[in-house]
Amino acid sequence: MDIDGDGRISYWEFMEFLRQRGHEVNKYHSFMALDTDRNDYLDFYEVLVYYYVVKAGRRTCTECKALMKGLYFTCVTCFDSCHESYDLCSSCYRHARHVHHHTYFLDNYAMLLSKKDSFWASTSTNTV
363 MDIDGDGRIS YWEFMEFLRQ RGHEVNKYHS FMALDTDRND YLDFYEVLVY YYVVKAGRRT
423 CTECKALMKG LYFTCVTCFD SCHESYDLCS SCYRHARHVH HHTYFLDNYA MLLSKKDSFW
483 ASTSTNTV
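To convert, count from 1 in the sequence shown and add 362; that's our numbering.
Accuracy of the hints is not assured; some may be wrong.
Quick list of the computed label-pair ranges, beta carbon to beta carbon [to be verified]:
(1) T439 / D366: 40 to 50 Å
(2) L468 / I365: 40 to 50 Å
(3) L474 / M363: 11 to 21 Å
Quick caveat, the hints were computed from the structure, so don't treat them as lab data. Where a beta carbon is used, it is the ideal one built from N, C-alpha and C, also for glycine.
Please construct the entire structure, taking both the sequences and the accompanying hints into account.
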């Protein structure tokens, strides 16, 4: 990432890295979220956070491409059909900045609870 070799990553270097690898994220939003000390550069530890975010398969908003932190919303129909997930950040969901052919969304916490409940219901009926 460090094109000029100065030991830190500028916004331009970050954008170039993502562009070369075909990552579809909101580059400015992602850079600002990673730049925790607000010095307009990413240091080693801030880049390390990005590495773990990518390796953990952290989701991006389907509409604005922002890395999602905390609460986000998922289309239940798409999730249950095992196709590509349709996920929205809180802002895109709240302001209806999306066009999607399904209408039933759950936030990530409610989704986990519903899956947990259905899992326990299915295991309790199958036990003797």
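A quick look at each hint next to the structure:
1. For the hinted restraint 40 to 50 Å between T439 and D366, the CB-CB distance of approximately 47 Å keeps it satisfied.
2. Range check, L468 to I365: about 42 Å between beta-carbon atoms, so the 40 to 50 Å window is met.
3. Between L474 and M363, the C-beta spacing of about 33 Å breaks the proposed range 11 to 21 Å.
Checked against the numbered hints above, the structure violates only hint 3.
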